[in-house]
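Chemist: Listed below, chain by chain, are the residues.
Number of protein chains: 2
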Amino acid sequence: AVRPLRRRQPKKSNELPQANRLPGIFDDVRGSHGRQVCRRHELYVSFQDLGWLDWVIAPQGYSAYYCEGECSFPLDSCMNATNHAILQSLVHLMKPNAVPKACCAPTKLSATSVLYYDSSNNVILRKHRNMVVKACGCH
Amino acid sequence: AVRPLRRRQPKKSNELPQANRLPGIFDDVRGSHGRQVCRRHELYVSFQDLGWLDWVIAPQGYSAYYCEGECSFPLDSCMNATNHAILQSLVHLMKPNAVPKACCAPTKLSATSVLYYDSSNNVILRKHRNMVVKACGCH
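Same order as they appear, the protein sequences are chains B and A. Using the numbering used here, the letters of the first sequence correspond one by one to residues 50 to 188. Using the numbering used here, the letters of the second sequence correspond one by one to residues 50 to 188.
Excised from the complex, chain B in its bound form (with noise of 0.2 Å):
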């Protein structure tokens, strides 16, 4: 016997649907209570404040920044979200205590110069990776 087709989404993109397109599950999702979505912030780390000034010559600090705010659902485009940090925060909205929500974290990151002493008292510049936060994102 021919199997009738199943109704189907309106699904247009191939990336996983958005809340906001999904029929019957949430009605209305809002931004949790006002509180910021994820996003970079400002963060100067200074050296001196870390007691690394005894090995470190230059800088004496630097421009870290870091990533803080909600990862609520639905995760705007802007959130860098990965496919699975679209379906934690969905099934978080369901099961709120079993699961937390995706995270705000880095999702671009730089390199930056030091100037330091190494153990054999030898000046070395080196340039360490993953210092400075470009992006944030859920994930």
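Treat each hint with caution, since some may be false.
Any copy will do: because identical chains look the same in the list, a pair fits if it lies in one copy or spans two.
[To be verified] Keeping only pairs whose Cα atoms sit at most 25 Å apart, straight-line, the calculated DSS-like set for lysine-lysine is:
1. 183 with 144
2. 157 with 183
3. 144 with 157
4. 183 with 150
Hints listed in this document are in silico derivations from the structure and should not be mistaken for laboratory results. Since the structure is predicted, the reported quantities are computational estimates derived from the model, not experimental observations.
Guided by the hints, dock chain A onto chain B, whose structure is given.
Modeler: Just chain A now, with coordinates in the frame of chain B:
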């Protein structure tokens, strides 16, 4: 005049030092109150629960896993921590209210294939990227 040589830290690797080798900043850093460290947790995502069986033919769901747990200083080597995460958790120790801890997020994801109806009712088999958490870390 010859500049007196400054007292050097015992720095072997070219990675940023972990706090336990930093004299004078932190005397005693414990895991915070025995909370679980960042790690991967089981999570089966059911497409039925998501109400997607209207357009997803197979599978009925899949093991997506998720990341959760503490990213407290000092970050263990198995935390896959970036240099930025190490620095952020150090700064968090000094200014816990100003800067959050690094967050426990996926560091490795893999794809999974889904058979579904597209918007023109064609049956499509597509490999969706970043659907399954393979490893977690502090970022």
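Chemist: With identical chains, the pair residue 183 and residue 150 could be close in the same copy or across copies; at 25 Å between alpha carbons, which is it: within, between, both, or neither?
Modeler: both (22 Å within a copy, 18 Å between copies)
Chemist: From the Cα coordinates, with 25 Å as the cut-off, is the pair residue 144 and residue 157 best called within, between, both, or neither?
Modeler: between (30 Å within a copy, 24 Å between copies)
Chemist: Give the relationship of residue 183 and residue 144 under a CA distance limit of 25 Å: within one copy only, between copies only, both, or neither.
Modeler: For residue 183 and residue 144, the Cα distance is within 25 Å only across copies (22 Å; inside one copy 32 Å).
Chemist: At most 25 Å between C-alpha atoms: does residue 157 with residue 183 qualify within a copy, between copies, both, or neither?
Modeler: both (5 Å within a copy, 20 Å between copies)
No hint from the list above goes unmet by this structure.
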